[in-house]
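Based on the hints, put chain B in the right spot on chain A.
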Amino acid sequence: DVKVTQSSRYLVKRTGEKVFLECVQDMDHENMFWYRQDPGLGLRLIYFSYDVKMKEKGDIPEGYSVSREKKERFSLILESASTNQTSMYLCASKFRDRVSNEQFFGPGTRLTVL
Amino acid sequence: AQKVTQAQTEISVVEKEDVTLDCVYETRDTTYYLFWYKQPPSGELVFLIRRNSFDEQNEISGRYSWNFQKSTSSFNFTITASQVVDSAVYFCALMGGSARQLTFGSGTQLTVLP
Numbered sequence: 394d395v396k397v398t399q400s401s402r403y404l405v406k407r408t409g410e411k412v413f414l415e416c417v418q419d420m421d422h423e424n425m426f427w428y429r430q431d432p433g434l435g436l437r438l439i440y441f442s443y444d445v446k447m448k449e450k451g452d453i454p455e456g457y458s459v460s461r462e463k464k465e466r467f468s469l470i471l472e473s474a475s476t477n478q479t480s481m482y483l484c485a486s487k488f489r490d491r492v493s494n495e496q497f498f499g500p501g502t503r504l505t506v507l
Numbered sequence: 128a129q130k131v132t133q134a135q136t137e138i139s140v141v142e143k144e145d146v147t148l149d150c151v152y153e154t155r156d157t158t159y160y161l162f163w164y165k166q167p168p169s170g171e172l173v174f175l176i177r178r179n180s181f182d183e184q185n186e187i188s189g190r191y192s193w194n195f196q197k198s199t200s201s202f203n204f205t206i207t208a209s210q211v212v213d214s215a216v217y218f219c220a221l222m223g224g225s226a227r228q229l230t231f232g233s234g235t236q237l238t239v240l241p
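If you're matching them up, the sequences are chains A and B in order. Residue numbering for the first sequence follows this note's numbering, starting at 394 and increasing by one per position. Residue numbering for the second sequence follows this note's numbering, starting at 128 and increasing by one per position.
The hints are simulated quantities; they were obtained by calculation from the structure and are not laboratory data. In this text, a Cβ means the ideal position worked out from N, Cα and C, and glycines have one as well. Treat the hints with care, since some could be wrong.
Said to hold, decoys possible - So the derived list for chain B, only partly shown, Cβ under 8 Å to chain A, looks like this:
#1 Leu172
#2 Trp193
#3 Gly232
Claimed, not checked - Listed below are the simulated SDA-like cross-link pairs for lysine to any residue, each with C-alpha atoms no more than 20 Å apart in a straight line:
#4 Lys448(A) with Arg227(B)
#5 Lys143(B) with Ile206(B)
#6 Lys406(A) with Glu472(A)
#7 Lys130(B) with Pro454(A)
#8 Lys450(A) with Leu175(B)
#9 Lys130(B) with Lys448(A)
#10 Lys165(B) with Gln228(B)
#11 Lys450(A) with Arg227(B)
Pulled out of the complex, with its shape left as it was, chain A reads as follows (with noise of 0.2 Å):
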């Protein structure tokens, strides 16, 4: 079974710190993708990645950076955390670039910003 897994659960965070969130898969998938989930709103791509070192912006990337070192790990970084930061942090994978592919998810991050 595919296993994406992320560093934190729950995380609580002060305005103005810089937070990593750290998303593992283990199936050698090449895309992986990072969104937010806010009530009334589903869930919101931020950023996504087709490969090691590439990256693409989603619908909302303002004030969020991410990284790809290695296959296996997509960063999420708030550099600057803010209080509208607030939500819940769900990351993906996928394999291949295939439209019908589907995503599998982890279990989400839980960020308080305060």
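Chain B in isolation, oriented as in the chain A frame:
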């Protein structure tokens, strides 16, 4: 642009009742894929089904069934004889042939009462 609408924010049923979750989509692509995911309280999204735009056959998997109708741009999900374990948030999602990312609906919170 792609859009997915799940008009039902919350649904509450009593165990053993049938329940249908609605999903309406918009896309200009002639080739596209529709997905349903389940998010239990644990937080991890679980893939349920994928359907491509050329296959309008309804699908049944145990107590789950899906009704895809291109004429009304709908991809509805029915749970027969609901159980408490079906309680979750259900997301409908769309990926158009020209897009490289999933567009999610806002989700439907289903609560099945004993």
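Status of the hints after comparison with the structure:
Checking Leu172(B) against chain A by beta carbon gives a least distance of about 4 Å; that is within 8 Å, so the hint holds. Hint status for Trp193(B) relative to chain A: violated, with the closest Cβ pair at about 14 Å, above 8 Å. About 6 Å separates the beta-carbon of Gly232(B) from the nearest beta-carbon of chain A, less than 8 Å, and the hint is met. Simply put, Lys448(A) and Arg227(B) have alpha-carbon atoms about 12 Å apart, close enough for the 20 Å limit, and the pair holds.
A threshold of 20 Å between alpha carbons decides the hint, and for Lys143(B) with Ile206(B) the separation of about 9 Å falls inside it, so the pair holds. With a C-alpha separation of about 12 Å, the suggested pairing of Lys406(A) with Glu472(A) holds against the 20 Å cut-off. Pair hint Lys130(B) plus Pro454(A) holds up; C-alpha atoms about 19 Å apart against a cutoff of 20 Å. The suggested pairing of Lys450(A) with Leu175(B) is violated, with an alpha-carbon distance near 27 Å, which exceeds 20 Å.
Under the criterion of a C-alpha separation no larger than 20 Å, the hint pairing Lys130(B) with Lys448(A) is inconsistent with the structure, at around 23 Å. With a C-alpha separation of about 18 Å, the suggested pair Lys165(B) and Gln228(B) falls inside the 20 Å cut-off, and the hint holds. Under the criterion of a C-alpha separation no larger than 20 Å, the hint pairing Lys450(A) with Arg227(B) is consistent with the structure, at around 11 Å.
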